[in-house]
Structure formats: C-alpha cells, structure tokens
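A.B. asks: Chain by chain, the residues run as shown.
There are 2 protein chains.
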Amino acid sequence: MAQRKGPAVWAAFLWPGGHHHGAWRLPGSTGDDIMSFDNYRRMALDCERAKFDVVFLGDRLDAWPLPDEYLARTARGARLETITLTAALAAVTSRIGLVATASTTFSEPFNLARQIGSLDHISGGRIGWNVVTSYTDDQAQNYGLDHIPPRPARYARAQEFLDVVKGLWDTYEDDAVLRDKETGQFFDADRFHKLGHEGSHFKVAGPLNMERPPQGHPVICQAGASKDGIAFAARNGELLFSINSSIERARDYYQAIKTGAADAGRDPDDIKVLASINPVIGRTQDEAEEKYQQMQRLLDDDVSRTFAEMYFGMDLSGYPLDELVPEIELPDASHGMPRAHQEYMLNKARDEKLTMRQLVYGFNGTNIYPKSAEAAADEFQEWYETGAADGFILQISHVPEGVTDFVELVVPILRRRGLIREDYVGTTLRENLGLARPVNRHTTARSVPA
Amino acid sequence: MAQRKGPAVWAAFLWPGGHHHGAWRLPGSTGDDIMSFDNYRRMALDCERAKFDVVFLGDRLDAWPLPDEYLARTARGARLETITLTAALAAVTSRIGLVATASTTFSEPFNLARQIGSLDHISGGRIGWNVVTSYTDDQAQNYGLDHIPPRPARYARAQEFLDVVKGLWDTYEDDAVLRDKETGQFFDADRFHKLGHEGSHFKVAGPLNMERPPQGHPVICQAGASKDGIAFAARNGELLFSINSSIERARDYYQAIKTGAADAGRDPDDIKVLASINPVIGRTQDEAEEKYQQMQRLLDDDVSRTFAEMYFGMDLSGYPLDELVPEIELPDASHGMPRAHQEYMLNKARDEKLTMRQLVYGFNGTNIYPKSAEAAADEFQEWYETGAADGFILQISHVPEGVTDFVELVVPILRRRGLIREDYVGTTLRENLGLARPVNRHTTARSVPA
Numbered sequence: 001m002a003q004r005k006g007p008a009v010w011a012a013f014l015w016p017g018g019h020h021h022g023a024w025r026l027p028g029s030t031g032d033d034i035m036s037f038d039n040y041r042r043m044a045l046d047c048e049r050a051k052f053d054v055v056f057l058g059d060r061l062d063a064w065p066l067p068d069e070y071l072a073r074t075a076r077g078a079r080l081e082t083i084t085l086t087a088a089l090a091a092v093t094s095r096i097g098l099v100a101t102a103s104t105t106f107s108e109p110f111n112l113a114r115q116i117g118s119l120d121h122i123s124g125g126r127i128g129w130n131v132v133t134s135y136t137d138d139q140a141q142n143y144g145l146d147h148i149p150p151r152p153a154r155y156a157r158a159q160e161f162l163d164v165v166k167g168l169w170d171t172y173e174d175d176a177v178l179r180d181k182e183t184g185q186f187f188d189a190d191r192f193h194k195l196g197h198e199g200s201h202f203k204v205a206g207p208l209n210m211e212r213p214p215q216g217h218p219v220i221c222q223a224g225a226s227k228d229g230i231a232f233a234a235r236n237g238e239l240l241f242s243i244n245s246s247i248e249r250a251r252d253y254y255q256a257i258k259t260g261a262a263d264a265g266r267d268p269d270d271i272k273v274l275a276s277i278n279p280v281i282g283r284t285q286d287e288a289e290e291k292y293q294q295m296q297r298l299l300d301d302d303v304s305r306t307f308a309e310m311y312f313g314m315d316l317s318g319y320p321l322d323e324l325v326p327e328i329e330l331p332d333a334s335h336g337m338p339r340a341h342q343e344y345m346l347n348k349a350r351d352e353k354l355t356m357r358q359l360v361y362g363f364n365g366t367n368i369y370p371k372s373a374e375a376a377a378d379e380f381q382e383w384y385e386t387g388a389a390d391g392f393i394l395q396i397s398h399v400p401e402g403v404t405d406f407v408e409l410v411v412p413i414l415r416r417r418g419l420i421r422e423d424y425v426g427t428t429l430r431e432n433l434g435l436a437r438p439v440n441r442h443t444t445a446r447s448v449p450a
Numbered sequence: 001m002a003q004r005k006g007p008a009v010w011a012a013f014l015w016p017g018g019h020h021h022g023a024w025r026l027p028g029s030t031g032d033d034i035m036s037f038d039n040y041r042r043m044a045l046d047c048e049r050a051k052f053d054v055v056f057l058g059d060r061l062d063a064w065p066l067p068d069e070y071l072a073r074t075a076r077g078a079r080l081e082t083i084t085l086t087a088a089l090a091a092v093t094s095r096i097g098l099v100a101t102a103s104t105t106f107s108e109p110f111n112l113a114r115q116i117g118s119l120d121h122i123s124g125g126r127i128g129w130n131v132v133t134s135y136t137d138d139q140a141q142n143y144g145l146d147h148i149p150p151r152p153a154r155y156a157r158a159q160e161f162l163d164v165v166k167g168l169w170d171t172y173e174d175d176a177v178l179r180d181k182e183t184g185q186f187f188d189a190d191r192f193h194k195l196g197h198e199g200s201h202f203k204v205a206g207p208l209n210m211e212r213p214p215q216g217h218p219v220i221c222q223a224g225a226s227k228d229g230i231a232f233a234a235r236n237g238e239l240l241f242s243i244n245s246s247i248e249r250a251r252d253y254y255q256a257i258k259t260g261a262a263d264a265g266r267d268p269d270d271i272k273v274l275a276s277i278n279p280v281i282g283r284t285q286d287e288a289e290e291k292y293q294q295m296q297r298l299l300d301d302d303v304s305r306t307f308a309e310m311y312f313g314m315d316l317s318g319y320p321l322d323e324l325v326p327e328i329e330l331p332d333a334s335h336g337m338p339r340a341h342q343e344y345m346l347n348k349a350r351d352e353k354l355t356m357r358q359l360v361y362g363f364n365g366t367n368i369y370p371k372s373a374e375a376a377a378d379e380f381q382e383w384y385e386t387g388a389a390d391g392f393i394l395q396i397s398h399v400p401e402g403v404t405d406f407v408e409l410v411v412p413i414l415r416r417r418g419l420i421r422e423d424y425v426g427t428t429l430r431e432n433l434g435l436a437r438p439v440n441r442h443t444t445a446r447s448v449p450a
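Heads up: the sequence lines are chains A and B, in that order. When we follow the UniProt record's numbering, the leftmost residue of the first sequence carries the number 1, and every step to the right adds one. When we follow the UniProt record's numbering, the leftmost residue of the second sequence carries the number 1, and every step to the right adds one.
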C-alpha cells in the first residue's frame with residue numbers, strides 16, 4: 001500500500017462521564033456532572049482550537065441495560081439527548097463539525113429530516129448524522145415493543161428511512177429561493193418539489209418545510225460493524241467508525257469497506273474510515289501508565305463483570321477472574337457493535353493471554369493507549385500512512401483531562417508531522433472532509449435532456 | 001373584578017418572516033432570510049434585555065397548506081424546526097424562557113421526554129413545551145396517514161402522552177443523584193424508577209436516561225382553542241395562548257379557563273392566560289398607521305384570499321371583495337386554532353362592518369395594534385388590570401423592527417407603570433412565572449405513610 005501524506009481526519013467522541021467507567025471518580029474529573037452542557041461546551045471549544053474535524057456525540061435510547069444496583073455505580077444512567085445538545089453546541093462553536101446520533105428504528109423520517117436539516121442550517125453546514133438502528137430489547141421497550149426487530153428488518157427500514165430523508169432535503173432546489181422583495185416572489189414554485197414517497201415502511205407526501213441544508217445533505221455517519229451494517233455503510237456511509245484490535249485487522253476492514261463502496265458504484269474516497277482509539281496520554285510512558293492504572297483502580301469486579309456480561313449478552317459468573325480467558329462461545333444472536341466489542345476483546349485476550357479479570361476490566365474502550373505523546377503520534381502515523389484508517393475517533397476516557405492532554409501533548413506533534421491541519425480549509429464539514437456536496441435529485445433530472 | 005397590580009407576563013411569538021404575510025418585503029426586514037439562526041438570536045437577546053418572560057416559537061409539520069403558486073409568494077414555506085432552534089437559543093441566552101412547539105400526534109413520548117428534558121437541562125430550567133396535536137390532513141400525510149385523526153382521539157392521545165412524559169421526567173427523584181467519587185456510588189438505586197406504563201396508546205418501560213429536569217417538569221404551554229383543547233388546557237396547561245377579538249370576549253374566555261382549572265381541582269393561579277396581540281407601534285398614531293398600511297400594500301388579493309380560504313377551509317371566490325362580509329356558514333369540521341381565527345374574524349367583521357377585502361387582508365394576526373406606544377400601553381394595562389389576561393403574547397408582525405420598536409417605545413412606558421418587571425426574579429421560567437415546581441410522584445408517594 002502506498003504511503004500517503006497530509007492531514008488525517010480527527011474526531012473526538014465525548015461521553016459525559018468519560019469512556020472509562022471509573023473515570024468519573026478521578027479527582028478533578030467533571031465526569032460526575034453528566035447533565036452539564038457547560039462541560040461539553042468547553043471540550044468542544046478545546047477541540048475546535050485544535051482544529052479537529054468533528055465532535056462526535058453518541059447516544060442510546062435507554063439508561064444502559066445494567067441491573068440498577070450496578071448502573072448506580074457508573075456515570076452511564078443519564079445524559080443529554082444528542083440532537084438538542086448538538087444544536088446548543090452549534091450555537092457556541094463556529095468551525096468544527098458536529099455529529100449527532102439518531103435512530104431510524106424509533107423515529108419518523110419527517111421529524112428527523114427536519115431536525116438534522118435544521119441543525120445544518122443553524123451550524124452553517126457543519127453537521128453529520130450518525131445513523132443507528134438501535135439493537136437492544138430494553139430500548140425497544142421504551143417504544144411499545146417487547147423485542148427489538150431483527151437486524152435485516154432494521155436495516156431495510158434504515159435504508160428506506162434514509163432515502164426518504166434525502167428526498168425531503170431535496171424539496172427546494174438550490175436556486176429555488178429568490179427572496180425578491182420587489183416582485184413579492186419568495187421562491188420559484190417550479191423548483192419546489194413534493195416527495196410523494198410510498199414504500200414498505202413509510203408514506204410521506206412532503207414537501208419538507210425547509211430550504212435545502214447548506215451541505216445539501218448533512219454528512220452520513222455510521223458504525224458499520226455487522227454484516228448488514230457494513231453493507232449499509234458501503235452504500236450510504238461517508239464517515240465511518242470502526243473497532244479493530246490490531247493494525248492488520250484494521251487494514252483488512254479498511255479494504256473491505258473501500259471495496260464494498262466501489263462495488264456499490266461509489267468512489268472509495270467518498271468514505272472516510274476512522275479507527276476508534278482511547279488515548280490515555282502522558283509526557284512519558286510511565287506517566288501514561290500511571291494515569292491508566294489510576295482509573296483502573298476506580299473499578300470493581302462486580303461492575304466490570306456486569307459491563308462485560310452486557311456486551312457478551314451472557315452470564316460470565318462461571319469463569320474465575322484469576323484464570324486465563326478460555327474459548328468462549330458467543331451467543332448466535334450477537335452482532336453489530338456488541339459483536340465488534342466481543343470479537344475485539346476475545347482477539348485481544350488470545351493475542352495477549354489475558355486473565356478474565358483483565359478481560360472484564362478491559363470493557364472501557366478499544367485500543368486503549370496508555371502511551372507517551374510521542375509514541376501515540378508514532379502509532380497514529382503508522383495506522384494512517386499504511387492504510388489502516390483515514391483518521392481517528394478518539395473515545396475520550398476521562399473528561400476533561402483526556403481532551404486537554406491530547407490537545408496539549410499530542411496535537412503539536414501531529415501538527416509538526418502534517419497529520420493534523422493548520423486551519424480549517426472550508427466552512428462546512430463536507431468541505432473540511434473533502435466530500436462533494438450532493439447534487440439535488442431534481443436539478444440532476446432537470447439537466448438531463450428528456 | 002378587582003384591579004390588580006404588578007408585572008404582567010410578556011411573551012414574544014417569533015415567526016421567521018414576521019406574522020404579517022407581506023412584512024418580509026419591507027425594506028430593512030430580515031424576514032426574507034427565514035432559515036437564519038442569527039436573526040432569532042438577535043431578537044431573543046433584545047427580548048431578554050427587555051426582561052420578557054418568554055420567546056415563543058411556533059411550528060407546523062408542513063410547509064403550509066396553500067397552493068404552491070401562492071405559497072411561493074409568502075415567507076411561510078420553510079423554517080427551522082423549533083426543538084433544535086430552542087436548544088441553540090438556550091446556548092446564547094441566559095435568563096429568558098424559551099417555548100418550543102412539539103406535536104403529540106406525530107412523535108413518541110420517549111423521544112420528546114428526552115428532547116424537552118434535555119432542553120431544560122441545557123437552558124438551566126428555562127423551557128416550556130407548547131403541546132399541540134396538529135390539525136390538518138397535509139401534516140398527517142407526512143406521517144403515513146391520509147387524514148388527521150379526529151380531535152377527541154388526538155386529545156386522548158395527547159393526555160396519555162403527557163402523562164407518560166411527566167412520569168419519565170420523574171425517573172430520578174431530586175435527591176437520587178449522589179455523585180460520590182469516594183465510594184463510587186453515582187446515584188441511589190432506591191430513588192431511581194422505571195415507568196412500566198401500559199395504556200391505550202403507549203407502552204413505555206422506562207427508566208428515562210436523564211436526571212430530573214431543573215424545573216421538575218418544564219412548563220406546559222397550550223393554545224386551548226377548541227372545546228377539547230380548553231378542557232385539556234384546564235387540566236394540564238400552565239401558560240395559555242388565547243385569541244379573542246374584544247376585551248369582553250377575552251374576559252369571558254379568561255373566566256372560563258380559570259373556572260375550568262378550579263373544576264379540575266387546580267389553583268386558578270397556576271394557569272397564566274396570555275392574550276394574542278400583533279403590535280404595530282409608532283411614536284404617534286399616524287406613524288403606526290402608516291407602518292401598518294405599508295405592510296398592507298405589500299399584500300395582494302390572491303394570496304390574501306388564499307390565506308383566508310385556508311383558515312376557513314372553504315372556497316371564498318364567490319364573495320365579491322368590495323362587498324360587506326355576509327353571514328358565512330362555517331364548515332362543521334372546523335375547530336381549534338382555525339375555528340378561533342374564523343370566529344375572531346367574523347366577530348370583527350360584524351362589529352366593524354368590514355368588506356370581504358378587509359376580511360381577507362386581515363388574516364395577518366389577531367388584535368393588530370397600529371397604535372402609538374402610549375395608546376398600546378393603555379390598552380395592555382386595561383386588559384391586564386381588568387382580568388382579560390395575565391399577560392400578552394406579542395405576535396411580531398415584522399422582523400426585526402417589530403421587536404425593536406416594541407422594546408424601545410413601549411417597554412419603557414410599561415416599566416414606568418410597573419407592568420413589566422425590572423429584572424428576572426428567579427433563574428428558571430417557573431420561578432419567573434410564579435409557578436410551583438412539581439413534586440416528584442415517587443417522592444410524594446414516599447412521604448405519605450403506607
């Protein structure tokens with residue numbers, strides 16, 4: 001694979017308590033104040049000063065499916081909803097991209113087209129939509145269902161949902177709006193289109209009550225972990241988040257996605273693949289290790305095992321914590337993000353001969369880097385330049401220090417090496433990512449001779 | 001009725017083009033830039049400097065049901081979605097209340113509980129939710145239906161929806177969250193509650209993944225125009241918007257609402273009734289009249305008649321524009337806000353012997369005040385002090401001038417007369433409105449001996 005140069009894509013994935021389950025307990029951590037908008041604001045502005053591409057906001061439609069007794073010992077039981085949070089962040093930032101998570105399984109396309117489109121207008125074109133289908137029964141039970149619909153059904157709905165939303169965003173052609181005060185003609189009715197969609201899942205008349213979003217369509221983001229998820233990503237995704245436990249596995253995944261995109265008739269450069277990394281950074285390796293161990297000491301066996309059981313979807317109490325991880329047969333039903341985490345952890349346990357305690361204490365993120373700033377930069381550079389990723393999604397382990405450490409210690413090194421930009425090159429997220437602005441379907445139809 | 005003193009409640013109802021259909025065409029109007037967040041931001045900050053209680057954001061789930069040809073000559077065909085807009089405004093204001101509109105007919109209670117609750121957290125407790133049920137077929141057609149469900153069905157759903165949302169907001173008791181870094185206990189699992197709702201419309205397990213909103217429950221706002229709407233408002237509403245064409249009718253409505261609240265077992269002071277007024281203010285009566293006529297000259301017969309037809313739900317082309325308004329038999333199906341507008345206009349036509357042209361050109365708001373600042377203040381004072389309203393919702397006719405004129409010309413007079421506060425008295429909207437913070441249902445249950 002040819003080595004490549006130039007800046008990678010950088011995204012910070014913020015979770016209010018931090019990605020590490022013990023990190024909210026650190027002295028100085030703001031991770032205990034999980035409903036605070038101000039904490040997000042400060043971190044987003046730090047990321048913007050560092051010229052990150054994106055602040056990524058995860059979400060789930062549940063508290064988190066742990067027994068109350070254990071949930072109550074984590075900072076996972078509550079959070080701000082990400083569409084509202086993204087809107088508020090859009091108002092206090094000016095250049096950085098913002099990605100909001102929203103589920104196609106439990107919302108209406110007309111509502112999401114409006115909300116995501118509105119975010120794009122409010123932010124001046126800096127929005128991405130992380131399209132998720134949700135995957136647990138406990139989320140379904142907040143929406144009248146006993147069980148989550150099967151994955152193929154969820155992805156079929158997601159595809160139609162996305163097609164409807166994109167169609168709604170194309171209601172107004174880009175040159176439809178005249179605002180002619182003199183004649184009183186606000187827009188050109190010939191360039192204003194109803195949708196008239198009637199599909200298997202949705203019947204949506206349109207028009208959307210919104211001028212076209214500044215980006216045409218906000219950037220479509222996706223995790224793409226299951227087979228259906230990867231197919232959906234190859235067809236629709238523009239910014240992808242991936243979990244792989246080694247550089248080799250990451251390269252394979254990267255190739256699979258790019259090939260899938262080409263097979264779907266797309267330019268592989270139109271999908272940016274980000275590798276998930278949880279950086280824990282020190283000035284030296286020892287300092288980084290000590291920080292990580294400080295967080296690990298804030299965990300306990302019960303909560304850690306409960307998290308692992310949640311990801312595995314099975315009882316792990318029969319496996320002694322001090323013994324090596326045996327071959328664990330995964331439940332057939334597991335897929336998607338939990339499956340990705342399972343495989344990540346089992347691969348790691350095999351590669352590194354972990355004990356069960358190390359395994360369960362490890363469900364605190366993927367590719368946790370207790371590393372010196374210099375060593376971390378080396379590793380990012382290798383992954384980027386050898387085609388394991390187009391960039392990185394930093395799952396911030398501890399807040400706000402995980403952001404400020406990265407920005408102060410690693411970013412200057414990345415900048416010297418040309419791996420992070422000097423300044424934003426455009427005003428929209430698409431421009432900064434080098435993604436083309438989608439042409440309006442009606443404009444396309446119009447320019448083709450009948 | 002005893003005269004009362006002290007500040008009234010003041011709300012500014014912003015519509016991006018202005019409430020007057022011709023106003024976007026005024027020189028200097030920002031009403032042609034209907035997708036601009038900045039316009040809202042500036043107006044909200046003006047209202048906050050004037051110490052208004054509320055910026056109210058209306059919404060509809062359609063472009064507006066006019067034929068494209070006519071819609072294209074208005075600024076009504078597009079707008080920002082109000083939940084995202086409210087979140088963005090929350091981030092750039094600090095004291096004023098913000099009311100977002102959201103429909104119970106076309107959303108899920110778990111989603112709205114999260115979004116409205118999240119707004120309350122982001123704003124530090126400054127949120128009201130304008131509960132609407134939506135009332136047109138064209139809105140229903142964006143959600144898979146051919147026709148809007150009948151009004152009683154919509155209000156039955158709305159009541160259950162609201163009960164579910166309030167139950168979800170009570171997931172965490174106020175003292176449930178400990179954030180004890182030392183022991184690792186984040187919250188008290190005994191003060192954390194699932195909902196387990198199973199009703200006619202919804203089955204929602206809970207818990208909500210959100211600490212209790214700062215206000216306990218964000219303020220419930222409502223228009224309450226139809227019979228079902230008034231009953232719903234009397235039972236649930238805390239801040240009400242009303243349309244009445246004379247002070248006498250307003251007093252009757254006010255009494256009906258307060259009596260209805262008492263009948264529903266509530267303290268009538270816990271519902272604040274706001275009268276809708278469209279102020280067009282000048283230093284003198286002549287200046288105000290001239291401003292209003294300037295806007296009226298920007299209308300035309302076709303667009304004006306189309307708006308009237310939309311409100312009446314009937315063809316008006318058989319009525320000559322230069323003749324007096326005849327007795328018009330209203331369609332049986334009309335109710336709610338359209339009915340309120342119909343009755344308002346027909347009452348006005350009778351009282352003031354209007355021609356059809358005056359009628360159709362009048363669908364630009366209710367109680368349009370081309371008045372000198374002094375005369376407007378007199379009228380507000382009379383309405384307030386004689387029990388026609390607890391305050392006013394100003395439907396701003398033309399932006400931004402309609403806001404700045406009011407703030408610069410009328411507010412100083414109101415302040416001298418004690419009709420608008422010197423400064424905010426609390427940090428939350430409830431505190432500023434003098435509404436009690438709802439006690440958590442589980443805390444209530446706990447404090448009652450078994």
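Any given hint might turn out to be false.
Each pair may be met inside one copy or between any two copies, as identical chains are not told apart.
To be verified - Below 20 angstroms or equal to it, Euclidean Cα-Cα: the simulated SDA-like pairs (lysine to any residue) are:
no., residue 1, residue 2
1, Lys194, Glu160
2, Lys227, Tyr311
3, Lys203, Phe106
4, Lys258, Pro65
5, Lys258, Gly318
6, Lys194, Glu173
7, Lys353, Leu409
8, Lys181, Gln342
9, Lys203, Leu298
10, Lys194, Tyr311
11, Lys203, Asp163
12, Lys353, Glu329
I should point out that these hints are in silico values taken from the structure, not numbers from a laboratory.
A.B. asks: Is the C-alpha distance from Lys258 to Gly318 at most 20 angstroms within one copy, between copies, in both cases, or in neither?
C.D. replies: So Lys258 and Gly318 fail the 20 angstroms test inside a copy (41 angstroms) and across (64 angstroms) alike.
A.B. asks: Indicate which option fits the pair Lys258, Pro65 if close means a Cα-Cα distance not exceeding 20 angstroms: within, between, both or neither.
C.D. replies: Neither. Shortest intra-copy (34 angstroms) and inter-copy (45 angstroms) distances fail the 20 angstroms Cα cut-off.
A.B. asks: Tell me, please, which holds for Lys181 and Gln342 at an alpha-carbon limit of 20 angstroms: within, between, both or neither?
C.D. replies: Classified as neither: same-chain Cα gap 60 angstroms, cross-chain 29 angstroms, threshold 20 angstroms.
A.B. asks: Between copies, within a copy, both or neither: which fits Lys203 and Asp163 at Cα up to 20 angstroms?
C.D. replies: within (12 angstroms within a copy, 29 angstroms between copies)
A.B. asks: Are the CA atoms of Lys194 and Glu173 at most 20 angstroms apart within a copy, between copies, both, or neither?
C.D. replies: For Lys194 and Glu173, the Cα distance is within 20 angstroms only inside one copy (12 angstroms; across copies 46 angstroms).
A.B. asks: If the cutoff is 20 angstroms on CA atoms, where do Lys203 and Leu298 land: within, between, both or neither? Let me know, please.
C.D. replies: Answer is neither; intra-copy 51 angstroms and inter-copy 38 angstroms both fail.
A.B. asks: Reference check for the pair Lys194 and Glu160, CA-CA at most 20 angstroms: within, between, both, or neither?
C.D. replies: So Lys194 and Glu160 pass the 20 angstroms test inside one copy only (17 angstroms; across, 33 angstroms).
A.B. asks: For the identical chains here, do Lys227 and Tyr311 meet the 20 angstroms Cα criterion within one copy, between copies, both, or neither?
C.D. replies: Within. Shortest intra-copy distance 18 angstroms satisfies the 20 angstroms Cα cut-off; inter-copy 51 angstroms does not.
A.B. asks: Using 20 angstroms as the alpha-carbon threshold, which applies to Lys194 and Tyr311: within, between, both, or neither?
C.D. replies: Neither. Shortest intra-copy (44 angstroms) and inter-copy (22 angstroms) distances fail the 20 angstroms Cα cut-off.
A.B. asks: One pair to classify: Lys203 and Phe106, alpha carbons no more than 20 angstroms apart. Within, between, both, or neither?
C.D. replies: The answer is both: 16 angstroms in one copy and 13 angstroms across copies each meet 20 angstroms.
A.B. asks: How would you label the pair Lys353, Glu329 (within, between, both, or neither) given a Cα cut-off of 20 angstroms?
C.D. replies: within (17 angstroms within a copy, 84 angstroms between copies)
A.B. asks: Tell me, please, which holds for Lys353 and Leu409 at an alpha-carbon limit of 20 angstroms: within, between, both or neither?
C.D. replies: neither (31 angstroms within a copy, 77 angstroms between copies)
When held up to the earlier numbered hints, the structure conflicts with 4, 5, 7, 8, 9 and 10 and fits the remainder.
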